[in-house]
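> Produce the entire structure from the sequences given, and follow the hints as far as they go.
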Amino acid sequence: MNTRGNAVRIVIMCVLVCAGLWVSMRACTARDLRSLGEVTAVVEGPRPGTVVVRTVRDGTAAAWLADDTGEAVGFFEPADGVVAEPQATQCAGELCYRVPGDGLRVEHSTDGGVTFTTVWEVSGGRYTRIKSTYPDLGDPAQHLSSLSLVVHSVPGGHVVFVANGRDGLLYRDVRGAWHRQGVPDSGEGCCFYVAPPRIGDASEAPDPAVPVGAGTAAVILLVGLIGALAGRRWRGLPIVVVVAVSGGVAAGIMAPLGDVGMFPGYFYSGPIILGIVVGGSIVAHRFAAAPATREAGAPR
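Residue numbers (this note's numbering): 1 to 300.
Derived by calculation from the structure, the hints in this document are not laboratory data. Predicted model only: the values in this text are computed from it and were never measured. Careful, some of the hints might be misleading.
[Stated by the list, open to error] FRET-style restraints, in silico, Cβ to Cβ:
no. : residue 1 : residue 2 : range
1   : T60       : V278      : 40 to 48 Å
2   : I282      : A177      : 42 to 50 Å
3   : A177      : S123      : 15 to 23 Å
Even for Gly, the Cβ is constructed at its ideal location relative to N, Cα and C.
Right under this line is the structure:
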């Protein structure tokens, strides 16, 4: 076995695979965000405990029903009833909420609307990053701002729905946690939310890229070390490290794959990551356990 030549080929292949995955993920993300649409308004629904979420996607307007749990539960048709006009301020007793309309921000009042303080906001560097993430955004004041809201009293407290333009529907649950739901959509049934880009908000699930990437690299490295220990051969360990690191990077790139329609992202990324783990482990074990190559003419 020509270990040096194979090592060079393995390194080149790993770099190309990682670069290809990264470019593909960036292209898919840009395409998905371009076709995401936006939530233009949220208003009172035709039935108690519901709201109507108005969206525009590719120039086509649609309306969806969401319930007080924040879930999109169906389409809204004009025949379902007349809904109210969008409101920038609403109250539930002495608790009031309003959207100033000059950014992704919601304000809260506990004295019936006399004084307000900011209770949820995306601002500064985070707002700049998210603004640059959405392609063909247009005027941020119109397409990336909190535009209207609905407040409902529910057992145990209250919930809030906010129309956030391209960032989708914002929902405050009864416990007080805010959730960037995204834009309603449908596939083979109804309904789901197309999630917005991550911004490092405390309510978001942890980014899986680092733990998945580190775990993948650790498994591949462990398999390589077992092969080296079993055969008492160490010359292939540098290649094992390269394969482990490359496998970890590739798995980390795939781990944050967003939902595809009604199917969660891991439905697609899971088999790919499993293939990376298995394939990387096989390559690492092969090189770790490979016998040393004798030079031509060398004594046996």
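> For each hint, tell me whether it holds in the structure or not.
Hint check:
| no. | hint | verdict |
| --- | --- | --- |
| 1 | T60 <-> V278: 40 to 48 Å | 44 Å, holds |
| 2 | I282 <-> A177: 42 to 50 Å | 44 Å, holds |
| 3 | A177 <-> S123: 15 to 23 Å | 19 Å, holds |
Hint compliance for this structure: every hint is met.
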